[in-house]
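**Q** Sequence:
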Amino acid sequence: MSRRTAQATVTVRTRPLWRIRLTHEIPRYLLCGLALAGLAASARFAIAPPRPVAATSTAAEANTVDPAAEAYAALFARRYLTWNAAEPQLSMHALEPFVGSGMEATAGLNLPPTGEQRVEWVEVVQARLPAPGEHVYTVAAQTSTMGLIYLTVPVARTVNGSLALDGYPAFVGAPAAEPSHIAAHLREVTDSALVTVVGRALRNYLAASSSELAADLAGGARVSLPTQPLTLQALQHLDWAQEGDAVLATVQAQDARGVRYTLAYELDVLRVQGRWEVAAVQTDPDA
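Residue -3 is where the sequence shown starts when you use my numbering, and the numbers rise one by one after that.
Simulated from the structure, these hints should not be mistaken for lab results. Note that this is a predicted model, so its numbers are computed, not measured. There may be inaccurate statements among the hints.
Ranges of calculated distance between the beta carbons of each label pair, as one might list FRET restraints [said to hold, decoys possible]:
hint, residue 1, residue 2, range
1, E262, L71, 53 to 63 Å
2, L125, P175, 20 to 30 Å
3, T192, P128, 52 to 62 Å
The C-beta atom is built at its ideal place from N, Cα and C for all residues, glycine as well.
Build out the structure end to end from the sequences listed, making use of the hints.
**A** Below you can see the structure in the form of structure tokens.
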């Protein structure tokens, strides 16, 4: 029986020297690259550290309306402006909840030897937002001795969300206002049928006659009637609004006492099968 001897086979392949060097050097290149990236990131944070993202304009706008802060400012104004020199302790007690450790007692209000002042009404007429969570309210107040005055009251929200007086008040002037301006370039309504429908609808609307008004209302229209009925005396002007699907009516009306008023109403109108109908009168009761 013959015996064969197994022989090993050796294969020799040639590779470029640059490829061999590159294969061995890749790990070192990667390590150096990561180190450089880390140094660059450290330098970037040292030179220009990240800043907190500023609040969006939407959030800032939401902060401008704060009914509780408005009521807080109005309450402070009423208590600050109401006093009786014969009983100064009452003013101090009334202002106690508003005054902090860094403010004079009674918010710096020092009463004269004699006299008193009452507040008939107060109303917030303007609001300013100097910073998120901070408000400066202008409060109009009708007083018994000073007449109509305007007082700014700074109010802030604390870290826990509570309201706090954010400084002393200030007497200021009224918000800027101008004489009334009535647009004179509106197009007059010349459709006699529409004039008739609007006049009849307003007569029934002012008289708070819902059953009669319903005949001129469009399907699905909702109207909130006046709480005090009036009598329509005359329809003075009827013009098209700029939108084109509403009319502006200027009327004269009279109440049960004989007091006469010149009033202006906007009515949404639409034409249905050749007939004019009223879709809304002045206000949206569902808004």
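**Q** Confirm or reject each hint.
**A** The hints, checked one at a time:
1. Under the hint 53 to 63 Å, the C-beta atoms of E262 and L71, about 36 Å apart, miss the expected range.
2. For the pair L125 and P175, the supplied restraint of 20 to 30 Å holds, since their beta-carbon distance comes to about 29 Å.
3. Checking the proposed 52 to 62 Å range against T192 and P128 shows it holds: the Cβ atoms sit about 55 Å from each other.
Hint check: a violation occurs at hint 1 only; the rest are consistent with the structure.
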